[in-house]
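Turn these sequences into a full structure, and let the hints steer you where they fit.
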Amino acid sequence: MSETIHIYHTNDLHSHFAHWPRIKSLLLERRRWHEAAGDVCLVLDIGDHADRSHPFTEGTAGKGNVQLLNEAGYDAVTIGNNEGITLSKTELDELYVQADFSVVVANLVDLNGNQPEWAHPHHILETKDGTKIGLIAATAEFTPFYRRLGWEVTSGREAIKREAAEIRQSVDFLICMSHLGIREDELLAVECPELDIILGAHTHHLFHQGKEIGGTLLGAAGKFGYYVGHIEIDIATRKMRAEVIETDQLPEADEGFNEYLVGVGKQQMAETVFYNERHLKAEWFEPSPMAELFGDALVSFASADCGLFNAGIFMEDMPQGEMTRYDFHRMLPHPINPCVIDLSGAELKEIYLQSLNEDWPQLELKGMGFRGAVFGRMIHSGMHMHDHQLVVGGKPADPDRIYRLATLDLFTFGYFFPALKRAPKSYFMPEFLRDVFSDYFRMKTVK
1 MSETIHIYHT
11 NDLHSHFAHW
21 PRIKSLLLER
31 RRWHEAAGDV
41 CLVLDIGDHA
51 DRSHPFTEGT
61 AGKGNVQLLN
71 EAGYDAVTIG
81 NNEGITLSKT
91 ELDELYVQAD
101 FSVVVANLVD
111 LNGNQPEWAH
121 PHHILETKDG
131 TKIGLIAATA
141 EFTPFYRRLG
151 WEVTSGREAI
161 KREAAEIRQS
171 VDFLICMSHL
181 GIREDELLAV
191 ECPELDIILG
201 AHTHHLFHQG
211 KEIGGTLLGA
221 AGKFGYYVGH
231 IEIDIATRKM
241 RAEVIETDQL
251 PEADEGFNEY
261 LVGVGKQQMA
271 ETVFYNERHL
281 KAEWFEPSPM
291 AELFGDALVS
301 FASADCGLFN
311 AGIFMEDMPQ
321 GEMTRYDFHR
331 MLPHPINPCV
341 IDLSGAELKE
351 IYLQSLNEDW
361 PQLELKGMGF
371 RGAVFGRMIH
381 SGMHMHDHQL
391 VVGGKPADPD
401 RIYRLATLDL
411 FTFGYFFPAL
421 KRAPKSYFMP
431 EFLRDVFSDY
441 FRMKTVK
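Each residue of the sequence shown is one higher than the last, beginning at 1 in UniProt numbering.
Read the hints as simulated data drawn from the structure, not as lab findings. Some hints could be false.
In the DSS-like style, the derived pairs of lysine-lysine whose C-alpha atoms are separated by at most 25 Å in a straight line are [what the hints assert, rightly or not]:
1) K239 - K63
2) K266 - K89
3) K266 - K161
4) K89 - K132
5) K132 - K239
6) K24 - K63
7) K223 - K366
8) K239 - K211
9) K211 - K223
10) K128 - K89
11) K128 - K239
12) K366 - K281
13) K211 - K132
14) K425 - K366
15) K425 - K281
16) K24 - K281
17) K266 - K349
18) K395 - K425
19) K425 - K349
20) K349 - K395
21) K63 - K349
22) K366 - K444
23) K24 - K266
24) K89 - K425
25) K211 - K161
26) K266 - K281
Between beta-carbon pairs, the in silico distance windows are [to be verified]:
27) Q209 - L353: 46 to 56 Å
28) V97 - K132: 50 to 60 Å
29) E117 - L353: 49 to 59 Å
30) D342 - N114: 25 to 35 Å
Computed from a prediction, not measured in an experiment: that's the story for all the values here. Just so it is clear, CB atoms sit at the ideal spot from N, CA and C, and this is done for glycine as well.
See the structure below:
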């Protein structure tokens with residue numbers, strides 16, 4: 001059997017649309033080339049195409065991203081955590097209604113154990129010459145977040161091995177679309193030799209010419225649309241060749257596209273939330289009235305005793321005048337959820353003291369949902385130190401009493417405060433920080 005298959009893959013775009021017109025032009029042009037030559041062309045996305053930090057994605061609840069994937073001719077996608085845990089269950093259930101491609105994910109079910117209607121644990125494609133290509137996929141296990149939204153996410157690696165065992169004998173080539181990260185992919189290559197190709201994502205890794213482990217080829221295309229991955233398969237010899245295409249080197253195409261999408265998002269979020277009586281300045285390194293108000297909003301929302309957050313979350317001032325949903329999104333674009341943590345007074349004091357780290361304010365934080373420039377100073381709402389004593393709600397903290405601390409989910413991942421990773425906690429989902437702040441003002445206006 002003499003047949004050539006070309007696979008193009010993207011991952012972790014995170015709604016960085018600056019290169020999208022070039023990516024779309026490349027994919028459509030290459031499909032025309034290959035099909036004119038009698039070859040097969042498959043286009044796949046390995047998750048985190050959407051990111052609600054962009055106004056277009058926020059304003060369309062991700063459906064705009066699906067339309068872009070349709071227009072670029074994608075054949076199949078899997079979901080990343082940005083699709084999976086930044087949308088409500090209803091929004092995710094509706095996300096792919098208009099999709100012209102298959103959605104593959106093997107390790108996501110609802111709380112009753114049912115596969116969502118929009119997803120398949122595997123997908124088999126057959127070429128005109130009869131070659132059968134199997135696609136299986138899994139997404140990263142953010143278990144507490146998925147469960148809070150009404151989903152159950154199981155072991156991605158085990159799900160891949162299960163699906164591989166089920167369909168390996170039915171296909172000629174088996175491709176894994178993995179939004180699990182590079183370490184999991186490397187383990188999969190060893191533990192699941194049935195896989196011919198693993199296309200990776202999540203950890204934003206890049207393989208310029210692929211990476212071989214045993215008989216499995218790993219491919220990955222970095223992040224933000226800087227690269228498009230390409231794998232060429234010769235069916236007769238089973239030889240595979242991997243490369244990445246740098247999008248900066250592609251011909252210019254509709255360079256104003258991102259600004260257009262921002263405008264679409266702005267229109268979708270034009271609803272006025274409230275009228276702001278005075279200009280509030282975003283201060284990263286000093287206390288500010290805006291930070292004080294946000295602290296009040298966070299503590300009130302979580303029914304907490306006190307609050308803790310970093311001032312770097314504020315990306316824009318709050319101008320005087322009408323504040324729309326778009327204004328709140330521009331000010332707080334981060335896909336970060338509020339969280340409440342139970343701590344003893346003694347534990348809370350330790351967290352307070354750790355939060356005074358002088359190196360943190362200038363830290364250029366990347367990841368964990370943070371979309372800002374620098375970390376900024378820590379803001380303490382409803383608590384302060386006086387004569388080496390922690391004061392909460394105007395009273396000296398009881399070392400043995402349990403207090404409720406309202407904070408941001410990024411502080412529960414163990415990087416800044418290891419103790420918060422282990423402490424009892426509840427996440428509020430799908431609300432983001434901007435929802436907490438805008439609802440606070442909306443309720444004050446109603447009153």
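Status of the hints after comparison with the structure:
Restraint check: the Cα-Cα separation between K239 and K63 comes to about 37 Å, which exceeds 25 Å; the hinted pair is violated. At most 25 Å may separate the alpha-carbon atoms for a hinted pair to count; K266 and K89 meet this at roughly 24 Å. About 44 Å separates the Cα atoms of K266 and K161, which puts this hinted pair outside 25 Å; it is violated. About 33 Å separates the Cα atoms of K89 and K132, which puts this hinted pair outside 25 Å; it is violated.
For the hint linking K132 to K239, the alpha-carbon distance of about 16 Å falls within 25 Å, and the restraint holds. For the given pair, K24 sits about 17 Å from K63 by alpha-carbon distance, which is consistent with the 25 Å threshold. At most 25 Å may separate the alpha-carbon atoms for a hinted pair to count; K223 and K366 meet this at roughly 13 Å. Of the supplied pair hints, the one linking K239 and K211 holds, its CA atoms being roughly 14 Å apart against a limit of 25 Å.
About 17 Å separates the Cα atoms of K211 and K223, which keeps this hinted pair within 25 Å; it holds. Taking the CA atoms of K128 and K89, the gap is about 38 Å. The hint is violated against a cut of 25 Å. With a C-alpha separation of about 20 Å, the suggested pairing of K128 with K239 holds against the 25 Å cut-off. For a cut-off of 25 Å, the pair hint linking K366 to K281 stands: about 23 Å separates their Cα positions.
With a CA separation close to 24 Å, the supplied pair K211 and K132 stays within the 25 Å bound. A threshold of 25 Å between alpha carbons decides the hint, and for K425 with K366 the separation of about 24 Å falls inside it, so the pair holds. With a C-alpha separation of about 32 Å, the suggested pair K425 and K281 falls outside the 25 Å cut-off, and the hint is violated. Between the alpha carbons of K24 and K281 the distance comes to roughly 40 Å, so the proposed pair goes past 25 Å and is violated.
Proposed proximity of K266 and K349 is contradicted: the alpha carbons are some 42 Å apart, above 25 Å. A distance of roughly 24 Å separates the Cα atoms of K395 and K425; the hinted pair therefore holds under the 25 Å criterion. At roughly 17 Å between alpha-carbon atoms, K425 and K349 fall within 25 Å of each other, so this suggested pair holds. At roughly 13 Å between alpha-carbon atoms, K349 and K395 fall within 25 Å of each other, so this suggested pair holds.
This hinted pair does not check out: K63 and K349 have alpha carbons roughly 44 Å apart, beyond 25 Å. Restraint check for K366 and K444: the C-alpha separation of about 34 Å exceeds 25 Å, so the hint is violated. At roughly 23 Å between alpha-carbon atoms, K24 and K266 fall within 25 Å of each other, so this suggested pair holds. Straight-line distance between C-alpha atoms of K89 and K425 comes to about 21 Å, which keeps the hinted pair within the 25 Å bound.
Restraint check for K211 and K161: satisfied, since their Cα atoms lie roughly 20 Å apart, inside the 25 Å limit. Distance restraint check for K266 and K281: the Cα-Cα separation of roughly 22 Å lies within the 25 Å cut-off, and the hinted pair is therefore satisfied. Look at Q209 against L353: about 49 Å separates their beta carbons, and that is inside 46 to 56 Å. For the hinted restraint 50 to 60 Å between V97 and K132, the CB-CB distance of approximately 28 Å leaves it violated.
Distance hint for E117 and L353: a CB-CB separation of about 50 Å, consistent with the stated range 49 to 59 Å. Distance hint check: the CB atoms of D342 and N114 are about 33 Å apart, consistent with the given range 25 to 35 Å.
Against the hints set out earlier in the document, violations occur for numbers 1, 3, 4, 10, 15, 16, 17, 21, 22 and 28.
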